[in-house]
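The working numbering numbers the first residue of the sequence shown as 94 and each following residue consecutively.
Just so you know, these hints were derived from the structure itself, not from any lab. Please note that the accuracy of each hint is not assured.
Said to hold, decoys possible - Below, in silico cross-link-like pairs of lysine-lysine (DSS-like), each with a Cα-Cα straight-line distance of 27 Å or less:
(1) LYS332 - LYS238
(2) LYS314 - LYS291
(3) LYS151 - LYS166
Said to hold, decoys possible - Computed spacing ranges between beta-carbons, pair by pair:
(4) ILE256 - LEU407: 36 to 44 Å
(5) ASP387 - GLU208: 53 to 61 Å
(6) GLU235 - PRO277: 51 to 59 Å
(7) GLU154 - ASN245: 24 to 32 Å
(8) ASP253 - GLU167: 50 to 58 Å
(9) ILE256 - GLU388: 36 to 44 Å
(10) GLU415 - SER186: 46 to 54 Å
(11) ARG420 - LYS373: 19 to 27 Å
(12) GLY412 - GLU388: 42 to 50 Å
Bear in mind the structure is a predicted one, so any value in this text is a computation, not a measurement. Beta carbons: idealized from backbone N, C-alpha and C, even for Gly.
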Amino acid sequence: MSSSWCIFVQRKDGETLRQWLIQTALLNRDIKIHSTDEGLFFPLVRELEENEKKTLEKSFENIKFERRIMELKESKRPKDLFTALKEIIPEESHGFIPKSYDIIGQLVIIEIPEEIRSFETIIGKTLLDFHPSLTSIFKKLEPIKGDFRLRNLQLIAGTDNSITVHKENKCVYELDIKKVYFSPRLVTEHARISSLVKKNEIILDMFAGIGPFSILIARQKHVQVYSVDVNPAAIYYLKKNIIRNKVEDFVTPFEGNIRDVLKKDIKQKFDRIIMNLPSKSYQFLDIALNVLKDEGIIHYYQFASESDFPAKVLENLKGLIEENGRRIGKVLEARKVRPYAPYIWQIGIDLLIK
């Protein structure tokens, strides 16, 4: 049993009030709705403000506001977000309930379709209930864009703080999700690339961000990694993460456009180059080839349709590489890394270059 603020209405008004309470995230879903011969008592998450009471009094006759002892629901944790929301969101909109979202540290980034945008507050609060360790839920307003690969985000639940600490592959990364790019969906790819690095290799991470490739490689393999990014905020957090993960002796950060950095600051040939800028990697293939050792390896990423991968993508890559006086010695692996959009994938290709 639990003491809770409640609203009493006649039975004929019950469903209308229930939908309003759900929309406004005021219904306490941990407590049972109490039914009597006279009507229904709906439990609230808080006492209503006077203006809220006056609004409801105009809409429902014989409405009452009181605090009373109510019966708690049995604790039955839903298995996923869909299960948690299907009783709240109308059945005809169930197909729009997000099936996935990104958890970064204590924060969530979720894409909410326009068709259920009116439920975004309850979706956010449901996620906070579903994951007690989370503090903030942000919705994505538009696709990642710009040279800094930033998201336009809006808080829908929790604390308005976009800075967090994310743990991945036994490394720790501090970041501001509004100021830098990071994808937790690449956790397996980060680990896979690190596992391929051999003793004494020299690595170039051309679009390093906050360091998930660079720092993991340095921690696991103790090799030299040159990490470049054009975003000052990414470099700020990269430097902090280098210290956090105790890889100061192995990771060297550089801020600036990769072309300028390679021209002015780095006089070095590399055994292995990571090109994780899938929307634009092909634009930088010429400079990567210029600083890659003979029989060096490029980890190349881009977005591609299912119909173009792998044959057409490899054909185009072969032409670009040969235009720059190099050739593919061997395609070590070509794989789909993660879905990006309907029928579009982020693909990864490992190439040995001669």
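Okay, the hints, checked on the actual structure:
no.	hint	in the structure
1	LYS332 - LYS238	holds, 24 Å
2	LYS314 - LYS291	holds, 7 Å
3	LYS151 - LYS166	violated, 31 Å
4	ILE256 - LEU407: 36 to 44 Å	holds, 41 Å
5	ASP387 - GLU208: 53 to 61 Å	holds, 54 Å
6	GLU235 - PRO277: 51 to 59 Å	violated, 20 Å
7	GLU154 - ASN245: 24 to 32 Å	violated, 45 Å
8	ASP253 - GLU167: 50 to 58 Å	violated, 34 Å
9	ILE256 - GLU388: 36 to 44 Å	holds, 42 Å
10	GLU415 - SER186: 46 to 54 Å	holds, 51 Å
11	ARG420 - LYS373: 19 to 27 Å	holds, 23 Å
12	GLY412 - GLU388: 42 to 50 Å	violated, 21 Å
Consistency note: the structure conflicts with the earlier hints numbered 3, 6, 7, 8 and 12.
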